[in-house]
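Chains as they are written, first to last, in the working numbering: chain A, -6 to 60; chain B, 3 to 266.
Derived from the structure by calculation, the hints contain no laboratory data. A quick note: this is a predicted structure, and the numbers were derived from the prediction, not measured. The beta-carbon is built from N, C-alpha and C at its ideal position, and this holds for glycine as well. Heads up, some of the hints might be wrong.
Stated by the list, open to error - Stretch by stretch, here's where chain B covers chain A in the computed footprint (C-beta under 8 Å, at least three residues):
| id | region |
| --- | --- |
| 1 | 14 to 22 |
| 2 | 30 to 38 |
Unchecked claim - Pairwise CB distance ranges (calculated):
| id | chain 1 | residue 1 | chain 2 | residue 2 | range |
| --- | --- | --- | --- | --- | --- |
| 3 | B | Leu173 | A | Met(-6) | 47 to 53 Å |
| 4 | B | Arg162 | A | Leu(-2) | 50 to 56 Å |
| 5 | B | Gln58 | A | Leu(-2) | 19 to 25 Å |
| 6 | B | Val174 | A | Ser(-5) | 49 to 55 Å |
| 7 | A | Val20 | B | Gln208 | 32 to 38 Å |
| 8 | A | Met(-6) | B | Pro54 | 48 to 54 Å |
| 9 | B | Val40 | A | Ser(-5) | 24 to 30 Å |
Said to hold, decoys possible - Partial list, computed: chain B residues near chain A (C-beta under 8 Å):
| id | residue |
| --- | --- |
| 10 | Ala36 |
| 11 | Ile65 |
| 12 | Ile68 |
| 13 | Leu238 |
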Amino acid sequence: MSEWLAMGGYGFYVWSAYGVLAIALAVELASLRRRRHTSWQRVAELRAAREPGAQAAAPAAFEEAVK
Amino acid sequence: MTTTAIRTGSGWYRYASPATFYPLAGKMIPWFAAAAVVLAAAGLYIGFFVAPTDWQQGESYRIIFIHVPTAWMAMFTYVVMAFWCAVSLAFNARLSAMMAQALAPTGAMFAFVSLWTGAFWGRPTWGTYWVWDARLTSTLVLLFLYLGFIALRASIDDPRRADRAAALLALVGVVNVPIIYFSVRWWNTLHQGSSISMTAAPKMAQTMLVGMLLMSLAAWAYTIAVTLHRVRSIMLEREALAGWVGEAAAAEGTAAAAAGGAPR
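Isolated chain B, as found in the complex:
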């Protein structure tokens, strides 16, 4: 509590205190959730009704509007998770470890959906649901890294020890992300190369690109909203007896407040 008080005045450190972060996260959730809904609605409208039919793949290409955003999000979420793991190891910061813990299930969900949508796009275009190609295999490894992270945490009773072990796993696994990203360049994969790059004009129709980018932004907003929601539950689970939980209970008027959660 004293450290919290000392840090309160000094910039962003303030947000590392659960007492400040918990209500702030609660206020941010509806905004990101609303943004996700609006962006996804716009993205789906453009994806299904504005973007033209592909001359080669017909309507099957419309899977791109969820395949690419979920695959990007699975990779990016892993990098963010590893970042919070590094912070938690370096500064022994509880909240950073909880952020990593909150990101893992959503990352795993997106990794799974990117593999699934890829399979149902691969079948009509390549003639197969699955092939042990470098891009697909490294994305499967990404899914297993998420599941391993979750399982390892769950297998260790002491939360701080679980944080450290899981953080190490996440940091070792981060090498897989550039492998996924560059796999289509490093190996001769069945998976196509990037349609979008930083250096060249996109190899797709303008409206297709807009639909895909809107869906990607929706995935970002969704991930932020869901992660903030989950991290709040994790904070309650792990700090049930802390003073700030009493204040939060009183503010939210929950059953916990009635059962002695309120500050005394």
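So here's chain A without its partners, still in its complex pose:
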């Protein structure tokens, strides 16, 4: 196992390459999940602001909505 990890002396280079790819994928997937969550939240806010009587309560959100 440790011999395999050593990659014939090139372990540092091989695992630096693969490791950064793994980090990049993890970061991208986490940001996708976060973005989906925040965009649904924004939808909820904008739609709530559009409800009758809600304009006064949330004028900023309403202005954004009518734009």
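Based on the hints, put chain B in the right spot on chain A.
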């Protein structure tokens, strides 16, 4: 809404309507994600346990299984992004512009990883992490084009104006892709020439080639899954008040549905 109704019956135009596209994209994501996982697992297994050690480069060459697929994907994603930009400019199509917007971060990620993996392959084989060679420099330009596209979009408040400005940038930048591809032929680069070409037999062992192609297919499947996921968020961000969002909220049972997102 009327245009959507008119187009509904006429072939692929139907998929240009957010109401149809949003749920369809949602159904496709798990399939492409599963394909990416399976293909990457097979590719990595072959890459690390089946493919032989290179007689010249030893085990360091195993970086090829991520370096080449990420570099290909960075280039190809740019071409697809430019294609959607052209469609959005020509037909003033919102969804096409959103597709381009969704592709850019993944393209940038792959461009960065291809440069990074190249550096860590270059160090043991060439003795340097970086050199201002035509192939490396043009790939760096590709990364900057992606980042410029993202930054330009972010700097313009009006989404439709942002679409047009970013589309122009993407279309001008597309000339860089053939420069990257042919750089190893046009200039005397430190970067090696293509190991694979359409016209000649590949200059590598069969199992190495299979591992690399599996990883490339995995990169394709990953890019499709991630782009569809991101474009769905972009559609929600940009069309929050559209009727189809209410239907989507109801279908997904999200908080938005409870907060008045459901159709009234």
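Results for each hint:
{"no.": "1", "hint": "14 to 22", "verdict": "holds (count 5)"}
{"no.": "2", "hint": "30 to 38", "verdict": "holds (count 7)"}
{"no.": "3", "hint": "Leu173(B) <-> Met(-6)(A): 47 to 53 Å", "verdict": "50 Å, holds"}
{"no.": "4", "hint": "Arg162(B) <-> Leu(-2)(A): 50 to 56 Å", "verdict": "52 Å, holds"}
{"no.": "5", "hint": "Gln58(B) <-> Leu(-2)(A): 19 to 25 Å", "verdict": "22 Å, holds"}
{"no.": "6", "hint": "Val174(B) <-> Ser(-5)(A): 49 to 55 Å", "verdict": "51 Å, holds"}
{"no.": "7", "hint": "Val20(A) <-> Gln208(B): 32 to 38 Å", "verdict": "35 Å, holds"}
{"no.": "8", "hint": "Met(-6)(A) <-> Pro54(B): 48 to 54 Å", "verdict": "20 Å, violated"}
{"no.": "9", "hint": "Val40(B) <-> Ser(-5)(A): 24 to 30 Å", "verdict": "29 Å, holds"}
{"no.": "10", "hint": "Ala36", "verdict": "14 Å, violated"}
{"no.": "11", "hint": "Ile65", "verdict": "5 Å, holds"}
{"no.": "12", "hint": "Ile68", "verdict": "5 Å, holds"}
{"no.": "13", "hint": "Leu238", "verdict": "4 Å, holds"}
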